[in-house]
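A.B. asks: Those sequence lines, one after another, are chains A and B.
Heads up: the first sequence begins at 1 in our numbering, then just goes up one per residue.
Heads up: the second sequence begins at 1001 in our numbering, then just goes up one per residue.
By construction, these hints were calculated from the structure, which means they are not laboratory data.
One or more of the hints may lead you astray.
Unchecked claim - Taking lysine-lysine and the DSS-like style, the derived pairs with C-alpha atoms no more than 27 Å apart in a straight line are:
hint	chain 1	residue 1	chain 2	residue 2
1	B	Lys-1075	A	Lys-111
2	B	Lys-1087	A	Lys-111
3	B	Lys-1091	A	Lys-111
4	A	Lys-112	B	Lys-1095
Below, each chain spelled out in residue letters.
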Amino acid sequence: MMLMLKSVDELLLHIKEVQLDVIELSTESLLKMSSYIEKNSLEIDEDISTALQYQDIITQQLNATIEAIASMQNSIERFSHAYESDENLATESMLKLQEKLSITLKDAKDKKSRFAGKHAAQHADDEIEFF
Amino acid sequence: MPLVIFVDDSETALASTRMVTNSMPIEVKQYTEAQVALAEIEAGMVPDLIITDLNMPIMNGFEFLKGLRGVPATKRTPTLMLTTETKPELKQQGKALGLTGWIVKPFNPAQLKQAITRVLRLPA
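Construct the complete structure from the given sequences, taking the supplied hints into account.
C.D. replies: If you want it as structure tokens, here you go:
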């Protein structure tokens, strides 16, 4: 059990590191492109603007999953401590872990939808809404 | 020239807005942290328009808006939310806090330009 959880934790850490690299590289890439566009006073159309803005959405989505991974790692760590201190509590701790992971997944899915902007809101009005 | 401030924790989002505002007759200041922008406003900076993101660490867009409304010089300054969020309840919350409008990312550059022009009453 503990060995399996250790492997899961290591895998989560790896995914988190890859995602952080993706954020860093895509940010650098976007900033280089925008710097080139600005330096050369190039006009961008709506499609290019949207493409450039997707990087922000990608970053938000990845950050949300990084948060979820951190939360999962935290829950696994707590379970491991509980399990190591009293194996009799394993079932109870496992149920708590399962509950925490479900909450984390629900929160992450909610953020996926919230941070997608117009990309997810298919019926979102393209107009700016004034109050 | 009217001063427009942009607040977004994403440098790439700020770069995207710069490409729209570069050709406009406005002065632009950009901040990646709302609390820094608010501190400058509290110290005397008077923007004519504020465009802010909602989800930001340390101080989010609503907290920033509350802070702005607490400063006499920006009590009524037009403020637009530029965010990925589309939930009606969040829009209502923003409206109750005195928000001027809501723009969903990714924004349409022509419409953002039009909104700034409209709010600042710039020549079209």
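A.B. asks: If a hint holds in the structure, say so; if it doesn't, say that too.
C.D. replies: Checked hints:
no. : hint                      : in the structure
1   : B:Lys-1075 with A:Lys-111 : violated, 31 Å
2   : B:Lys-1087 with A:Lys-111 : holds, 12 Å
3   : B:Lys-1091 with A:Lys-111 : holds, 17 Å
4   : A:Lys-112 with B:Lys-1095 : holds, 24 Å
When the structure is compared with the earlier hints, a violation turns up for hint 1 alone.
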